[in-house]
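Asker: Assemble the complex: chain A is given as a structure, and chain B must be docked to it using the hints.
Line by line, the protein sequences are chains A and B. Residue numbers for the first sequence follow my numbering, so the first one is 1 and each next one is one higher. Residue numbers for the second sequence follow my numbering, so the first one is 260 and each next one is one higher.
Since the hints were made in silico from the structure, they are not lab data. Remember, it's a predicted structure, so these values are computed and weren't measured experimentally. For glycine and all other residues, C-beta sits at the position ideal for the given N, C-alpha and C. Among the clues, some could well be false.
[Claimed, not checked] Computed from the model, here is a short list of chain A residues facing chain B with C-beta under 8 Å:
id, residue
1, Phe-21
2, Leu-29
3, Leu-33
[What the hints assert, rightly or not] Some chain A residues close to chain B (C-beta under 8 Å, calculated; not the full set):
id, residue
4, Leu-61
5, Leu-64
6, Leu-86
7, Phe-90
8, Glu-92
9, Thr-94
10, Trp-98
11, Ala-102
12, Pro-108
13, Leu-111
14, Arg-112
[Unchecked claim] With beta-carbon atoms standing in for the labels, derived distance ranges:
id, chain 1, residue 1, chain 2, residue 2, range
15, A, Glu-188, B, Leu-340, 46 to 54 Å
16, A, Asn-23, B, Gly-381, 52 to 60 Å
17, A, Asn-113, B, Ser-407, 37 to 45 Å
18, B, Val-513, A, Ser-250, 41 to 49 Å
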Amino acid sequence: MTPLENQPSPLVVARRLGKRFANDIEALLGVDLDIPGGEFVSIVGPSGCGKSTLLRLIAGLIPLSSGDLTVDQLPPVEARRQRQELAYVFQEATLLPWRTVAGNVLLPLELRNQRDPAFVDQILELVGLADFARAYPSQLSGGMRMRVSIARALVTRPDLLLLDEPFGALDEITRQRLNEELLRLWEEERWTGIFVTHNVYEAVFLSQRVLVMSPRPGRLIADIAVPFAHPRDPDLRTAPEFNRIAAEVSHQLLSSHIS
Amino acid sequence: MNRFLSLFLTSVLPPLLFFALLVLLWHLGVVLFDIKPFLLPGPLRVARAIADHFPALLYATGLTGLGALSGFLLSFAAGFLIALLFSQSRIIARSLYPYAIFLQTVPVVAIAPLIILWIGHGFQGVVAVSFIISLFPIIANTTSGLTSIDPNLLDLFAMNNASRWQVVRKLRIPSAVPAMFTGAKISSGLSVIGAIVGEFFAGYGTDDFGLGYLIILTNGQAKTDYLFACILFCTLLGLAVFTSISLLSNFLLVRWNGGED
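Same shape as in the complex, but just chain B:
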């Protein structure tokens, strides 16, 4: 119990206090300088906007989260298979890797309209943008995990006349698990960004919108307090996704990292 208390005092309380200070300064700034609410609404207005639109915000967050999660899972599966292919053939890896890097370097915002054009509006378009933006970190990290194997372990498997498939299944894939989680952590955050960007262009329908669409909508109507609420929920969504992956990784990687059982 004491451990939790000291953990709370040292690592939870300070950022909370800083947050409270920041909100206070924000509030004082808005009041003192008499800033127009459509430019910068104070924290109270934002809180009211959250309360007024809570069901819509929650629904939008869920929808965006679902799009991000789908994009992330697809990119994880596809990225894993591509990395597996890369690890098995140097020729394929050399020929295709530059195109994988293209995924990383091309601004997704620039190609998102094109993707929507091809894939179509609605959920599938959002998932496609999220998928493309989160694919590269999975490919890069998993490939590196599958190929940087302790040479002694490869010799050990050779001494036991292990087949190529046995080396993949019993050595390469388990060795790559920590690197896969590193990629997943990066991609999980990106998948949320991808879903929001996708929604900027795709949306879902007139009555059905995620956070990205809501941002465009509230911005257009100069409902800046509502816009702030949307941004807050985007941040919380990204945080939730990243935290779940981190916790899952810490939980599953105990053996790889040499912790207690």
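Just chain A, same shape as in the assembly:
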């Protein structure tokens, strides 16, 4: 055994990863990616650049076309089946309308044949929905529904949380508040987070690292470190250094767009 093999390898590793859909659309091409465990990474890119596709590949929801991709040194589907510690938050809240808030959050545990109502209550407390456990999704605002969706992901105690533009449909105030809550949740639990967005400020505020993707076929064209300490304060958004990093991310996004 060489000393190198004793190092913990990154949780998610992609090499020359490519995805071509059946309709011949080349969504991703030559993506190289290393995401160490416990890191919060954002992926920003223009609409339709394949950000969501990358996330769905990591989740093992769709098969890859070329290259390699491992999650915890396993193919994504195997990782999902064996470890069961992978959660996905969709663009929409994606709740079951016939179940209460508590029933929706309980669903992932139910599907694993576990019942832990006490933990559900605890998670609902964590996302500020303790008073709404018995409400139905139709009775909640968009922001509250997204909170339920995040609670449903957290209830499985995931190692890896994949977030696919979860706040894209929300108004700016709700988005900022949920950003702060998500940051707090990550700071407490330190799961690995991969957050897809096209909002530069959201990406910089939440992440330790921002990856920029080119338009289709998507490649990673920049890897920008966000070195602010945790816990981060909401006022960080107005700091000059914050804006400098956001400007750099924007610059990279735009440069890829023009070329």
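Answerer: Okay, now just chain B, sitting in the frame of chain A:
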């Protein structure tokens, strides 16, 4: 209380007034043009026929209703199981769906005598005709409900490594409930028609008859006022069945439709 009053004034009163107007015109028409009662009896004659034959009409309505209800429940159960099968296997769905459409396109009146021939006269024949006519809307709507699922929800279940059976039980069936009610509403009306058509051919026995048999009987005897009473009771039966399903659906679908608790 005020809400009920305004509801009454806006949506109950106008059709009632129109009905009263219609009855009045009917009465005046019959009197003015001196129409023979065996062609078109006036409303008073029909009312008398109802009063004279009330127990028989009530009994016939009950019997026909029972046949329709049995046919409807059977078609609901069978239609649900067939749709479940269709939703689980594309090959089976593709092979059998054309035959399901056959149920919809073949005029039930045309095959009813054949069904009676095979199943036999009496109650079971009536139920069989009612069953066949109300089966297709249940199959079609339930299949569509079971298969048109939000792809994100399917992904969510996949992320949680849900088994096929878990997806059926916890996602597909609950998602299909609104579509099942849509099918049930259509089928409930059809089941009454099926029972009446079934009775045209099957009947029950000499002393035991439903509305369908009574229609044939009164028509044959030129008791047109009695025939009108039968038609009225058929309509009321269909209305009662349809209304109960609609109310049940509104009551149960509150959560699916995003209403209050």
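Asker: For each hint given before, does the structure comply? Return the numbers of the non-compliant ones in rising order.
Answerer: Failing hints, ascending: 1, 2, 3, 5, 11 and 17.
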